[in-house]
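We have chain Y; now place chain A onto it with these hints.
Chains Y and A supply the protein sequences, listed in that same order. Quick note on numbering: the working numbering labels position 475 of the first sequence as 485, and the sequence is numbered without any gaps. Quick note on numbering: the working numbering labels position 87 of the second sequence as 169, and the sequence is numbered without any gaps.
Hints were generated in silico from the structure; no laboratory data involved. As the structure is a prediction and not an experimental result, all values here were calculated from the model. Hints are not guaranteed to be accurate.
[To be verified] Estimated spans, in silico, between C-beta atoms of each pair:
#: 1; chain 1: Y; residue 1: Tyr-321; chain 2: A; residue 2: Gly-187; range: 43 to 49 Å
#: 2; chain 1: A; residue 1: Ser-153; chain 2: Y; residue 2: Ser-102; range: 55 to 61 Å
#: 3; chain 1: A; residue 1: Gly-169; chain 2: Y; residue 2: Val-94; range: 25 to 31 Å
#: 4; chain 1: A; residue 1: Ile-112; chain 2: Y; residue 2: Arg-325; range: 28 to 34 Å
#: 5; chain 1: A; residue 1: Ile-112; chain 2: Y; residue 2: Leu-238; range: 34 to 40 Å
#: 6; chain 1: A; residue 1: Gly-169; chain 2: Y; residue 2: Gly-322; range: 43 to 49 Å
#: 7; chain 1: A; residue 1: Ser-118; chain 2: Y; residue 2: Gly-456; range: 29 to 35 Å
C-beta: ideal position from N, C-alpha, C; glycine also.
The lines below spell out each chain.
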Amino acid sequence: MRRRYLGVAVSLVAVALLALPGVAFGQDPALDRIKDLKGSIGEAADAVNTTWVIVAAVLVMFMQAGFLLLEVGFSRMKNVGAGVAKIFVNFSIASLCYWAVGFALAFGGAGAIAGDSGFFLDVGSTAAEAGKQFPFVGLYGIDPAAFLFFQFAFCAVSLAIVWGTTLERIKFGAYVIYAIVFSAVIYPVISHWIFGGGWLQVNIGMQDFAGSTVVHLLGATGALAALLLLGPRRGKYTGEGKPRAIPGHSMPLVGLGVLILWLGWFGFNPGSTLGIFGDAAAGIGNRFAEVVLVTNLAAAAGVIAAVATMYGLRRTIDIGMAGNGAIAGLVAITAPSGYIEYWAAPIIGAVGGIIVVLGVLAIEKLLDDPVGALSAHGLAGIWGTLSAGIFTSPRFAEFNAVGEGGLWYTGSFDQLGAQALGVAVTFAAVFVVSYAVFALIKATIGLRVSPEEEDAGLDISEHGMYGYPEQFISPEEYPGGTPAAPAHAPATVSAIGAERPSEA
Amino acid sequence: MKKIEAYIRHDAFEPIRGELLEKGFPSLSISEVKGSGRQKGVVEQYRGSSLTVNVRPKLKLECVVEDKDMSIVVETILRHARTGDVGDGKIFVLPVEQAIRIRTGESGEEVLQAHPGAEIPA
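Isolated chain A, as found in the complex:
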């Protein structure tokens, strides 16, 4: 099992979510994060004084999938998150030791995504 952690622009999320859903990966989490990288900060002008804001808002997308699905998810994120400009973000892939579904207590790769055949609301 692999965990994919992607730091992306806000407007990249919706197309990524849509395509992952289509490809059978509805389970993911996002969080609002602020961070810095090669993208420059923002200078706020306030009544004649300035304040440099070095960390910029991004979305962190997290998704755990079976090893064989890792490249599909990564490729999907890359395709939608890349604008070619500085500030597109980064993807990290981490190993995962165990996954447990809280409702049933079952564990293993079968808990990662929706039940086969289960209806996925759009």
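Next up, chain Y with everything else stripped away, as it sits in the complex:
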């Protein structure tokens, strides 16, 4: 296990700390000095690891901005404000629910199904104390608050993915109800199975380093359940059932959103090392830096593959698909990022990029998924999880102490089978629960706004205001007088005429 980190941390930091003043000396200077140093170094290693986890968590939190801009850019102007309100409220609900309930279910013990302690986490406890309740906190020696915040940021990402399919027609109330169930129960239980020492991780040996399945497939599965009950946006399909494009209003916003997500992924995958000290003696150095590079290689390959695939099919350099390709590459590399050698990363990312294009084009015929979440997070998430079963390097499987080497190295289908089982179980469990929750919402408060409200746009009908008011309110009705004439308007004849001297 990665307990090795701490041992190696001692040797790595020793030199630096020797130079520091303020180390206490005891009665037996030589012996006490070594003891104190070991204690200080351990604490210093914990502090540095905690700092890295917080930095990574903040990067993952910033991905909310990426989802916001991506979804807003893919929406029409009448629905942009709704996306903003949604991100704020969902993130906040999840913040509270995950702290109160979710974290305990995910990491509060080593039960096969769920944890059972640590509700309303008391962050005052030290790592050593907390380790008794939360095996993972003790194992990595990071501050329990940092660990909770990092894991919560993942939960919030997964929840954000759910809503990608529901844009421009879902009722705001549906967000609130599902967000509570999702962040308190659905996400924590599944993440316990795969991240928190639950049965898929321990008994099956499923490898999911940062959550191709836990975060992305899980979110996309919730998104599918919502979409099946919600139906397409008005006008998406012709009378004969042929899909029509409903272009989003801003490709620059989509691009900015994708880039922010890409940036956030450098917290998402590398942060899942939960520290920055590596075992140099074993030839496995600072894994977090390697994971950064692996992540970027896959994203780049995803873009190139998606653009090339789309160009092959339609002879256009598709802007939205380039972004989807980046996301698909990143989603795909999330599960194997801590398990593979560099060379496998572009392959995994490129296949993700091809899958997302074919997936979007195929799903479009049946289901209205405005941002391509089912393909980019669902199909690419499945591929990424399976790819670990193919490309996992035996030395990293041993290092992470989960599963074994992939098909490429071992010639055995064992790991691939474990990955497939994890995907199937996660999909089935999340789909059944999510479908039930959304069906309940549909039967009670309703899942979808009325056709009139949908036509008017969610901004004015659900939120009482426009996201882009000047698109919908004529200048004459803006308080404070009529704005100046637009730049393209010609000067009026009377204005020119007024300059002329009158002729008698």
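The following block gives chain A in isolation, referenced to the frame of chain Y:
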């Protein structure tokens, strides 16, 4: 010749356009307009204050046809634009004195719609 000017809801346009095309009337213009009528305005809530917006967005559809075709076009618009709720809009019919095709300079009723037999792209 008559000019038909219809103020309609946005979502009525696509079915109207489709049926007019089928019936041989591909030539029309639309513009985004804002106006008021019996339909109430929208109250925008902005950070605790409100702003009443009295004019609402509509589409203005304009189409010039021969006298004998006027009722076909009007009837088509009526059928698709009517929801029965306040805010469906209005149709005005105006007389037109002359029509000239700019490309050829020819004038009269024959310039109003597509050439007979000319291929009409869907």
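>> Output the indices of the hints that this structure fails to meet, ascending.
In response: none
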